[in-house]
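First to last, the protein sequences are chains A and B. Numbered according to the working numbering, the first sequence spans residues 6 to 118. Numbered according to the working numbering, the second sequence spans residues 26 to 138.
Treat the hints as calculated values from the structure; they're not laboratory data. All C-beta atoms, glycine included, are put in the ideal place defined by N, C-alpha and C. Careful: at least some of the hints might be erroneous.
Stated by the list, open to error - Across the chosen pairs, the derived CB separations fall in these ranges:
| # | chain 1 | residue 1 | chain 2 | residue 2 | range |
| --- | --- | --- | --- | --- | --- |
| 1 | A | Gln61 | B | Thr51 | 23 to 31 Å |
| 2 | A | Ser27 | B | Thr90 | 39 to 47 Å |
| 3 | A | Ser78 | B | Ala38 | 24 to 32 Å |
| 4 | B | Gly129 | A | Arg114 | 17 to 25 Å |
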Amino acid sequence: DGGITQSPKYLFRKEGQNVTLSCEQNLNHDAMYWYRQDPGQGLRLIYYSQIVNDFQKGDIAEGYSVSREKKESFPLTVTSAQKNPTAFYLCASHQGRAKNIQYFGAGTRLSVL
Amino acid sequence: DAKTTQPPSMDCAEGRAANLPCNHSTISGNEYVYWYRQIHSQGPQYIIHGLKNNETNEMASLIITEDRKSSTLILPHATLRDTAVYYCIVRVGVTGGGNKLTFGTGTQLKVEL
């Protein structure tokens, strides 16, 4: 089936550790996005990529890094510089130019040990 | 992007129509109204979008006032599975600025027996 796959579903990070969240899509979408969601809050944009080998910072990029080496993949690394990483992370991809319809993965819940 | 205002919560009896309002009084002429929903601990799901005319699909109907300053999402026969947070988003319809979607806190719809 076509869609967006995020893994793992749950992730635990130790102090000072970098962790990487995976996001893979087989929808042939050019644009991909990473959002962060805190309890009871809306989504905030971390990074986005409109094309392979290119990405831009969103509203809360500090402490995060991304890469876009393949069209299908947009991994997010939560670095040790991110002091409050506990949140629900959502990856999305964009359907096309004329519509702002984004398709979301099931999310990764990150907690700090 | 225009700011939207939604009630924090609403209740609806199963089988009845759920009418979710959204105010977007500062919307500009080229901005579309999008609706997404997020079932607990899942990724958001696109529902419907519109510019000026009323729209209907298999999930819902979207009614936009003539002055475009407000809209209503209608779920014609709500079921327990429609319990979710519903987000109203206003965004320009063409690619630009990374197609960032600004998710506020939305409306928590609770469908009850």
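Hints, one by one, checked against the model:
Judged by the Cβ atoms, the range 23 to 31 Å given for A/Gln61 and B/Thr51 holds: they are separated by roughly 25 Å. The given range of 39 to 47 Å is respected by A/Ser27 and B/Thr90, whose C-beta atoms sit roughly 43 Å from each other. Evaluation of the 24 to 32 Å hint for A/Ser78 and B/Ala38 yields a failure: the beta carbon distance comes to about 44 Å. A hinted range of 17 to 25 Å holds for the C-beta pair B/Gly129 and A/Arg114, which are about 21 Å apart.
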